[in-house]
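Chemist: Chain residues, written in single-letter form:
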Amino acid sequence: MTGESHYSIVEIEEQVAGLSDADIARFIQYFELRGCIRRLGWSGLEHFHHTIADVLEGRRAWPRDVPRSAFLWNAGRSILSNEAKKKEREVEAQHVDVDECHEKEALQNDHVGSLDESSYIANSLETQQGQELVKQWYSQITDLFDDDHVVMCIIQQKYNELKKSVILKVCNINEMAYQAAMKKMKYHLKKAFPGGLPWWEVEP
Amino acid sequence: MKVTFVKEINDMIADTIMEDSDDEILACIGEVGYPPWKIVNEARSMMLGLITENRVSRLKNIKASYRLDKENRSILKAAKLAAKGLDEMIADIAKAMQLKSDEIPNGLIVAFREQSKQGNEEDVRDIWENLVSLGLIDIQSD
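Residue numbers (the numbering used here), protein chains in the order written: chain A, 1 to 204; chain B, 1 to 142.
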């Protein structure tokens, strides 16, 4: 789709060529934080390469009113999400194959339960380690804000997975105070965890 | 397991990168969590390489399409030339002389008058082709 409302392929090339060093660094850092290395096995640079190649193919319609960075970030997010799903499906398919193979083997050896038990123990160990890691992060995060009861309250409620509307009531704050607290949190969290929190390491 | 909480905190950290100004980002390049200049430069070269590849490939396609179009035209032209009989060519030339006499070179008019009297098909065809190449006979409109 081109013409008045969308960029032509020549214009897309011009837009991409106009990316600044800051845009490139921001893109790479953002997607490394979003876990492209662990989730796809791609470095931030590789993810940038895949995204630019995809955009230059011109299959994604780029409306003229969408700024360059927003369009590229959305393309990057969509590629990350699609590729991660593809990988998950591949892993699941492999597991099914391996499980079927082990099941046959177990039936032949007449001890069906042994495999289930060992994989259960492995999973619960992983879960325990994940829980420990989350607790450790939570403690590091709360240490950053132990002098600010509003931020502490927000963090505690977020940990309890409460919605924003409920957090406002529980912490007895208005929207403005919430936004100010969030701004402070972002600033200190970024300083304390410049490489982000690798949540994919604790996902069960 | 509080993965949702960890995800949210991570998203907040990622969001700050989007909110940082260009100057802030440039000042942090090479620091913990930020890519080094080597990677940024590599990304830029790779990006410009992809754009160049894209342009070269597009130009190749345009050239190939132009060549194909040209070949099709010359095939069409050859077919039309072969299909023209002597009377048709004489009629085309006479029409061109009538309508575009000012544009036809004098030598061609004289030659045509002589050749048409003799009825030499090859010479008439030469004159007809000359007028086609001068754009005074339009074979596309036939």
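In short, the hints are calculated from the structure, not lab data.
Be careful, since some hints might not be right.
As the list claims (entries may be wrong) - Simulated restraints, written as ranges between beta carbons of each label pair:
#	chain 1	residue 1	chain 2	residue 2	range
1	A	Ala-53	B	Arg-125	50 to 60 Å
2	B	Lys-70	A	Ser-43	15 to 25 Å
3	B	Lys-38	A	Glu-11	23 to 33 Å
4	B	Val-32	A	Glu-132	18 to 28 Å
5	A	Arg-68	B	Ser-45	43 to 53 Å
6	B	Ser-45	A	Met-176	27 to 37 Å
7	B	Met-18	A	Gly-41	20 to 30 Å
All residues carry an ideal CB built from backbone N, CA and C; glycine is no exception.
Chemist: Each hint should be assessed against the structure and marked as holding or not.
Modeler: Now the hints, each set against the structure:
1. Checked against the hint of 50 to 60 Å, the C-beta distance between A/Ala-53 and B/Arg-125 comes to roughly 55 Å, which is consistent with it.
2. Judged by the Cβ atoms, the range 15 to 25 Å given for B/Lys-70 and A/Ser-43 is violated: they are separated by roughly 46 Å.
3. In this structure, B/Lys-38 and A/Glu-11 meet the distance hint of 23 to 33 Å, their C-beta atoms being roughly 30 Å apart.
4. Roughly 24 Å separates the CB atoms of B/Val-32 and A/Glu-132, a value that falls within the hinted 18 to 28 Å.
5. Take A/Arg-68 and B/Ser-45: their Cβ atoms lie about 19 Å apart, and the range 43 to 53 Å is violated.
6. Take B/Ser-45 and A/Met-176: their Cβ atoms lie about 46 Å apart, and the range 27 to 37 Å is violated.
7. Between B/Met-18 and A/Gly-41 the C-beta distance comes to about 24 Å, which sits within the given range of 20 to 30 Å.
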